[in-house]
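K.L.:
These are the residues of each chain, in order.
There are 2 protein chains.
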Amino acid sequence: MNDDKILLAHGSGGKLSHDLVDRFFVRHFDNPSLLQLDDSAVLDLTGSQSATLPRKLAFSTDSYVVSPLFFPGGDIGKLAVCGTVNDLSMSGAHPLWLSAGFILEEGLSLAELERIVVSMAVTAKKAGVQIVTGDTKVVDRGSADRIFINTAGVGLVPDDIEIAGDRARPDDVVLLSGTIGDHGMTIMTQREGLQFSSPLQSDCAPLNGLVASLLATLPPGTLHCLRDPTRGGLATTLVELAERSAAGIEVEESAVPVREAVRGACELLGLDPLHVANEGKLVAIVAAEEAARALETMRAHEYGREAAIIGQVTAAHPGRLVLRTALGARRIVDMLVGEQLPRIC
Amino acid sequence: MNDDKILLAHGSGGKLSHDLVDRFFVRHFDNPSLLQLDDSAVLDLTGSQSATLPRKLAFSTDSYVVSPLFFPGGDIGKLAVCGTVNDLSMSGAHPLWLSAGFILEEGLSLAELERIVVSMAVTAKKAGVQIVTGDTKVVDRGSADRIFINTAGVGLVPDDIEIAGDRARPDDVVLLSGTIGDHGMTIMTQREGLQFSSPLQSDCAPLNGLVASLLATLPPGTLHCLRDPTRGGLATTLVELAERSAAGIEVEESAVPVREAVRGACELLGLDPLHVANEGKLVAIVAAEEAARALETMRAHEYGREAAIIGQVTAAHPGRLVLRTALGARRIVDMLVGEQLPRIC
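Chains as they are written, first to last, in my numbering: chain R, 18 to 362; chain E, 18 to 362.
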């Protein structure tokens, strides 16, 4: 009954490797570039986006080691596609092509592998990207935890885009596309076996459509920074942006949307939602005069319905994130120190 | 004394993650794209290669799980850079940019990590590529075997390149850039603790320079296929090319260069060098009239000194690899079946 498990020979590069590629990857990721099955995918830049050839590429990578592999709202495959699509999107790129590198543990069930591969295919289709090249390695039992996935991605950056972590300026407005902590608290409660009356669900989602809407709506040059607050949470992302831009960031605590169930789980476990990972949210820092338009654009998008203006950039306390609490107190918030939860993504 | 080990918090996305990035990756991979430290690297296609903008990209990925991490002739870091550089090169691309995704096991020694990162930096420099974006995950002790590395790579494909696995034609000549089996037998003898009088050494090397020499020397359209015979060895690669091109390939066994030490180790362990992995060799299939020139070009390059013409493409037995032995017998050779040695790369 070895037919339904990953064997070491699936990673040999020989016959079984080829069978695996045909049975899962070629079948589900079906696209002309992948079907060439050469050592690398050759991708055509003409006509891929506009009449003129692109001048700038975005290139990004992430490995995914999340545990459990399947969770409410997603799985490691959906996460692996969304994460890299989102990283590309945060530079203002149109994500087009992904690679997928699998590290499989001997004994992994082929049914689980297929479920993950199908999830990647569905998510890639939803995001409008193609998985064009890949690799599979198998390690002996005990040398990995079932499956790790790396995705890298390539996107095209329109000529007029100038978005970067060092472009926040005093008086800019900080927007958040929705509630925080959903992904991290979903994983944590799954791992701890906690039950809540209103079930938690990961926010895992591809954000390239939301970014495209913002770029289509806002005048060139007014969208200064984009980041997806994943590991380390919203606070770590905002501290990074403050440091990179040598500006202060002030956030109104009461303006940051947090679901009741997430807030409850955080209180129970002694965590600050500001430090909990998200996988389907973005922070946008925009010129003040475009803040209302940016908010309206976000709210009109399926992944931005609960968007909010949460604060602004200041000339005071450069490099620092300051939180104004509901009671009017101000406290400096640092990046996440220590490890809150391993293998969140 | 935790200062010298990887902790779970190094993968948190917070403070220790930032320290790790600064201490190892920014320092050793130093380049302007990486220094932006945004979610993706933004890469300039203008002036990266020629006066005109490129029309075609090559994109490839591989994960590396080799055991042991360090071996004569290389280590997992050198392998991770060479492997992806070589995959890109086999499509005729000029490799330019790499991503690096690290999966680290809690407890990995920082000294080993640094040794690996330095090896990647040195190899990237030698190959003329930049490591422009990356990611680090940490998993709990026992959930991975010390370190796994994924690299993905992007290269630019000159307009006049038409190299693919399905372009071998009857009468084409098959060239091999040097001896086979060196990498695989080095890893295997290290793992088995075998000693030989003449020590084995991995052939791990970046082949982009050798490919550039071939492209500069051979008339456009005469270099039909390029492959690096890694996992599965020379035989698996040639069977793939025969199948993809629907042509037969005949190889003269005595023409295939194999070092004495590799031959001896293979005999001892009951292996066929034709199925043993290489990490610094390529197979080129060229139009017959250019074979002599291709051989001369290879031999003039540091990674092609022992290049040889090993066979030809035939109209007979399409999809099959036939070996002519020294005694004049002919036998069909298949791709590797089963697993010869896990974690060879």
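What the hints contain is simulated information worked out from the structure, not anything from laboratory work.
Model, not experiment: these values are computed from the prediction.
A few of these clues could be false.
Note that identical chains are pooled: a pair holds if it fits in a single copy or bridges any two copies.
[Unchecked claim] Once the Cα atoms are required to be at most 16 Å apart in a straight line, the calculated EDC-like pairs of lysine to aspartate or glutamate come out as:
1) Lys32 to Glu260
2) Lys22 to Glu270
3) Lys73 to Glu179
4) Lys142 to Glu269
5) Lys143 to Asp183
6) Lys143 to Glu209
7) Lys143 to Asp188
8) Lys22 to Asp289
9) Lys22 to Asp188
10) Lys22 to Glu209
11) Lys142 to Glu277
12) Lys32 to Asp351
13) Lys143 to Asp20
14) Lys22 to Asp157
15) Lys73 to Glu277
K.L.:
Are the hints correct? Go through all of them and say.
P.N.:
Now for the hints, and whether the structure bears them out:
Proximity of Lys32 to Glu260 under the C-alpha cut-off of 16 Å is restricted to the inter-copy arrangement: shortest distance 13 Å between copies versus 52 Å within a copy. In this assembly of identical chains, the alpha carbons of Lys22 and Glu270 never lie at most 16 Å apart, being 49 Å within a copy and 37 Å across copies at closest. Proximity of Lys73 and Glu179 under a CA criterion of 16 Å is satisfied intra-copy only: 11 Å inside one chain copy versus 24 Å between copies. With identical chains, the CA atoms of Lys142 and Glu269 are never at most 16 Å apart, being 37 Å at best within one copy and 47 Å at best between copies.
Within a single copy, Lys143 and Asp183 get their C-alpha atoms no closer than 31 Å, and across copies no closer than 32 Å, so neither meets the 16 Å cut-off. In this assembly of identical chains, the alpha carbons of Lys143 and Glu209 never lie at most 16 Å apart, being 31 Å within a copy and 48 Å across copies at closest. In this assembly of identical chains, Lys143 and Asp188 lie within 16 Å of each other by CA distance neither inside one copy nor across copies; the values are 36 Å within and 46 Å between. For the homomeric pair Lys22 and Asp289, neither the shortest alpha-carbon distance inside one copy (40 Å) nor that between copies (27 Å) is at most 16 Å.
For the identical chains of this complex, Lys22 and Asp188 are neighbours neither inside a copy (57 Å) nor across copies (43 Å), given an alpha-carbon limit of 16 Å. In this assembly of identical chains, Lys22 and Glu209 lie within 16 Å of each other by CA distance neither inside one copy nor across copies; the values are 28 Å within and 27 Å between. For a Cα distance limit of 16 Å, the shortest separation of Lys142 from Glu277 qualifies neither inside one copy, at 32 Å, nor across copies, at 52 Å. With identical chains, the CA atoms of Lys32 and Asp351 are at most 16 Å apart between copies only, with a shortest distance of 9 Å across copies and 52 Å within one.
Within a single copy, Lys143 and Asp20 get their C-alpha atoms no closer than 31 Å, and across copies no closer than 44 Å, so neither meets the 16 Å cut-off. In this assembly of identical chains, Lys22 and Asp157 lie within 16 Å of each other by CA distance solely inside one copy; the values are 13 Å within and 24 Å between copies. Proximity of Lys73 and Glu277 under a CA criterion of 16 Å is satisfied in neither setting, with 42 Å inside one chain copy and 49 Å between copies.
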